[in-house]
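Novice: The lines below spell out each chain.
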Amino acid sequence: MKTFLFLLAAVTLVMNACVSELAPVIYPTIDFEAITSTTTPLTIEQRAQMNGIYILQEGRNSFGDTVAVRWDGEALSIYTVKSVSFFYARGGMRADSARFIGYWRAVQGPETGEVSLNILASEGGKDLAAGKGNGVGLVLRGEVTSPGSQRPTAMVLTKIKALANRTRGFEIIGHRGGGRNSERLGKSENSTELMLFASQLGATACEIDVYGTSDGIPVVFHDPTFTPRTVRGAYLIGDISNYSLKQIRGFVRLVNGEQVPTLEDALMDVVDKSSIRTVWLDNKDPRVVDEILAIHQRVMDHAATKRRSIRILFGIPTVELYDAYMKSPLKGTAPVLCELDLASVRASNAVVWAPRFTDGLQSEIVEQMHKEGRDVYCWTMDDPAFIVRFLTEGDFDGFCTNYPTLLAALFYTRKDLK
Amino acid sequence: MRTLYKLMSLLFCVIPICTVAQPSDTLNIEHYVFTTHPLDAGRGVFSMGAALTILPQPLTEYPTPAPMLDMRWRYGLPLQTSIYGRAGSNIATTLANIGLLWSFSIGRGSFGVGISEMYMYGNITYVDGFNTIQHRWATYPMVAASWSFPAFTVSGRFEMEYMTSQVRTIADQTVRTAQDQLNGGSLTLAIEQPFWKNTHVSMGVTLNYTRNPYQAWFLFNTFRDKMFYPELFVGFML
Numbered sequence: 001m002k003t004f005l006f007l008l009a010a011v012t013l014v015m016n017a018c019v020s021e022l023a024p025v026i027y028p029t030i031d032f033e034a035i036t037s038t039t040t041p042l043t044i045e046q047r048a049q050m051n052g053i054y055i056l057q058e059g060r061n062s063f064g065d066t067v068a069v070r071w072d073g074e075a076l077s078i079y080t081v082k083s084v085s086f087f088y089a090r091g092g093m094r095a096d097s098a099r100f101i102g103y104w105r106a107v108q109g110p111e112t113g114e115v116s117l118n119i120l121a122s123e124g125g126k127d128l129a130a131g132k133g134n135g136v137g138l139v140l141r142g143e144v145t146s147p148g149s150q151r152p153t154a155m156v157l158t159k160i161k162a163l164a165n166r167t168r169g170f171e172i173i174g175h176r177g178g179g180r181n182s183e184r185l186g187k188s189e190n191s192t193e194l195m196l197f198a199s200q201l202g203a204t205a206c207e208i209d210v211y212g213t214s215d216g217i218p219v220v221f222h223d224p225t226f227t228p229r230t231v232r233g234a235y236l237i238g239d240i241s242n243y244s245l246k247q248i249r250g251f252v253r254l255v256n257g258e259q260v261p262t263l264e265d266a267l268m269d270v271v272d273k274s275s276i277r278t279v280w281l282d283n284k285d286p287r288v289v290d291e292i293l294a295i296h297q298r299v300m301d302h303a304a305t306k307r308r309s310i311r312i313l314f315g316i317p318t319v320e321l322y323d324a325y326m327k328s329p330l331k332g333t334a335p336v337l338c339e340l341d342l343a344s345v346r347a348s349n350a351v352v353w354a355p356r357f358t359d360g361l362q363s364e365i366v367e368q369m370h371k372e373g374r375d376v377y378c379w380t381m382d383d384p385a386f387i388v389r390f391l392t393e394g395d396f397d398g399f400c401t402n403y404p405t406l407l408a409a410l411f412y413t414r415k416d417l418k
Numbered sequence: 001m002r003t004l005y006k007l008m009s010l011l012f013c014v015i016p017i018c019t020v021a022q023p024s025d026t027l028n029i030e031h032y033v034f035t036t037h038p039l040d041a042g043r044g045v046f047s048m049g050a051a052l053t054i055l056p057q058p059l060t061e062y063p064t065p066a067p068m069l070d071m072r073w074r075y076g077l078p079l080q081t082s083i084y085g086r087a088g089s090n091i092a093t094t095l096a097n098i099g100l101l102w103s104f105s106i107g108r109g110s111f112g113v114g115i116s117e118m119y120m121y122g123n124i125t126y127v128d129g130f131n132t133i134q135h136r137w138a139t140y141p142m143v144a145a146s147w148s149f150p151a152f153t154v155s156g157r158f159e160m161e162y163m164t165s166q167v168r169t170i171a172d173q174t175v176r177t178a179q180d181q182l183n184g185g186s187l188t189l190a191i192e193q194p195f196w197k198n199t200h201v202s203m204g205v206t207l208n209y210t211r212n213p214y215q216a217w218f219l220f221n222t223f224r225d226k227m228f229y230p231e232l233f234v235g236f237m238l
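Chains A and B, in that order, are what the protein sequence lines are. Just so you know, the first sequence maps onto residues 1 to 418 in the working numbering. Just so you know, the second sequence maps onto residues 1 to 238 in the working numbering.
For reference, chain A alone in the conformation it holds in the complex (with noise of 0.2 Å):
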């Protein structure tokens, strides 16, 4: 018995060590020169046409009647709120006709696969070639490749109308830069790549987290320390401001291979290198402010020069920064995102005052807050019921999110925002 009983012991043991891990995502590898070098990209006008919701005439059971589709640069996205799934695709057209080729991924599981989409010249490939028309009634025809899936599925879908939008304008913005580790998105949380990445999978705005070095130096990383959930190996331990910038380079990587970004190098190539228009600074180190202000400047400059309009919001999220950025000689340089009660948002002269969704939709305090000339900011957003009653019934002007996939893909085909 007691034999048994050890055994038991030994199985509970192996089990608790084998607390659940995410499987791991292998994306498709896709052979992206191959179709943009026998296509011409399509225009701004162009891109302009395909932009906007379309209902799958096949395709449904995996993706949902109704989809989002949007150009971001050269790249075709199509977001989905069933399945949750983005769409990355490159092409363009071929005479009268267009080919795209990409991937899928379904962000809240592991599924992704293949992508391939056709505009016959008989389904509105003409005209989008010659710039006619509003696009509607264009047609995707094509099919995807899934997990576990012998044969492609076809996938069809027809362009009803233009993208929903808002008066005010809306914010779909990224958690950490665009998705947290567990999203398992190819890139890790805080990269500059995941930051380039976001506009892809729906977002037009990212929020990043910025803590100091030793050496004084604002980096871009959620934790105070270093834990295997964001890094490789466990070479540093303890606190993050208790190493170098140079001690960071040197032992640490990202949970995907890439370095610590510097603060000042990860927005200054949001800039040159991406469509996101408003970056949220979640600042988590009083000790840095007045380096993060500095920053802002510098990059708001080099923005200038290159003529790209950007927001870069200095985030207040606790008393600490508060207390901190109001007696900082650069105070008023950035505008501010204040996360506390009114009477700091007020006092800091914030530009968006930004609420857990946990405390409501607040209705009488955002139109207040409107009136001041203040965007209110929600945040995490990622339940979809959640999502569409404050879409519908609230009047913010962003929500951070752990999946801008599934808010683009809402906020796009919703017929009812304010």
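Honestly, the hints are just simulated from the structure, not real lab data. Built from N, CA and C at the ideal position, the CB exists for glycine as well. Please note that a few of the clues may not be correct.
Now the in silico label distances, taken between C-beta atoms and shown as ranges [claimed, not checked]:
id: 1; chain 1: B; residue 1: T64; chain 2: A; residue 2: P147; range: 29 to 39 Å
id: 2; chain 1: A; residue 1: R60; chain 2: B; residue 2: T64; range: 36 to 46 Å
id: 3; chain 1: B; residue 1: Q179; chain 2: A; residue 2: R60; range: 17 to 27 Å
id: 4; chain 1: A; residue 1: A162; chain 2: B; residue 2: V143; range: 47 to 57 Å
id: 5; chain 1: B; residue 1: E117; chain 2: A; residue 2: E21; range: 25 to 35 Å
id: 6; chain 1: A; residue 1: R287; chain 2: B; residue 2: I115; range: 51 to 61 Å
id: 7; chain 1: A; residue 1: R60; chain 2: B; residue 2: I98; range: 36 to 46 Å
id: 8; chain 1: A; residue 1: D31; chain 2: B; residue 2: V143; range: 47 to 57 Å
id: 9; chain 1: B; residue 1: F228; chain 2: A; residue 2: G238; range: 26 to 36 Å
Mimicking SDA-like on lysine to any residue, the simulated pairs with C-alpha atoms at most 20 Å apart in a straight line are [what the hints assert, rightly or not]:
id: 10; chain 1: B; residue 1: K226; chain 2: A; residue 2: E111
id: 11; chain 1: A; residue 1: K82; chain 2: B; residue 2: T177
id: 12; chain 1: A; residue 1: K82; chain 2: B; residue 2: V175
id: 13; chain 1: A; residue 1: K132; chain 2: A; residue 2: R94
id: 14; chain 1: B; residue 1: K226; chain 2: A; residue 2: E21
id: 15; chain 1: B; residue 1: K226; chain 2: A; residue 2: Q108
Chain B: place on chain A using the hints.
Specialist: Just chain B now, with coordinates in the frame of chain A:
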């Protein structure tokens, strides 16, 4: 934290090993809650103890233990049936479960099928920032088996979890966040044996494989992946 959990789990198993009573010719099954041996009609068994799990790290990001006061009971009915149930609470999560079991014995072995319904109430409005209340209903069909040795009884249960309703309230907003969803399943392995004088002890592990662990209800989980996590329990039948 995980080291602490491993130490606790070791204690969960070692303490009862050290207190095993002498082998007996009687099966002692009338004292046990997990066994599927039919209980005499009108006889009840009650167990009180604790359950402990570490929540799946993809959800919590950091190892987060979730202890719970855990009570289980069983009451014999005619026709080899019994009602069984569980109640537990750690303030943030409170649950009550009641079900019906039909079982039969063959020698020292016994087998049964059952079904139970669970109501769970979650409330962490008192924790800054969460401000969330949840009501959840779930159905658990079950197959179970037991085998009695002279000094102890081993039982196994396999349960599916079918979540019929999950309603969440934050501030002034209430939404239904899940409905009619096969959430996952669990395998429970339990040992029950005499402990001290007329008291008996049950201990074991439930190996959960679910999408939306009830212990992590407040995390607004959106993963479709099912996650594995064990839950240890020990109870004393007085």
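Novice: All the hints need checking, so say for each whether the structure fits it.
Specialist: Now for the hints, and whether the structure bears them out:
1. In this structure the supplied range 29 to 39 Å holds for T64/B paired with P147/A, their Cβ-Cβ distance being about 31 Å.
2. A C-beta distance of roughly 39 Å is found between R60/A and T64/B, which places it inside the suggested range of 36 to 46 Å.
3. Checked against the given bound of 17 to 27 Å, the beta carbons of Q179/B and R60/A, roughly 20 Å apart, stay inside it.
4. Hint check: A162/A to V143/B, Cβ distance near 54 Å, so the stated range 47 to 57 Å holds.
5. Taking the beta carbon of each, E117/B and E21/A are about 32 Å apart, inside 25 to 35 Å as hinted.
6. About 58 Å separates the C-beta atoms of R287/A and I115/B, a value consistent with the hinted range of 51 to 61 Å.
7. In this structure the hint that R60/A and I98/B lie 36 to 46 Å apart at CB holds, the actual value being about 40 Å.
8. Take D31/A and V143/B: their Cβ atoms lie about 50 Å apart, and the range 47 to 57 Å holds.
9. Range check, F228/B to G238/A: Cβ separation about 31 Å, and the 26 to 36 Å hint holds.
10. The suggested pairing of K226/B with E111/A holds, with an alpha-carbon distance near 13 Å, which does not exceed 20 Å.
11. Straight-line distance between C-alpha atoms of K82/A and T177/B comes to about 14 Å, which keeps the hinted pair within the 20 Å bound.
12. Between the alpha carbons of K82/A and V175/B the distance comes to roughly 18 Å, so the proposed pair stays at or under 20 Å and holds.
13. Our distance criterion of 20 Å between C-alpha atoms is met by K132/A and R94/A, whose separation comes to about 17 Å.
14. About 10 Å separates the Cα atoms of K226/B and E21/A, which keeps this hinted pair within 20 Å; it holds.
15. Only pairs whose Cα atoms come within 20 Å are accepted, and K226/B paired with Q108/A is accepted, the gap being roughly 11 Å.
Violated hints for the displayed structure: none, as all numbered hints are satisfied.
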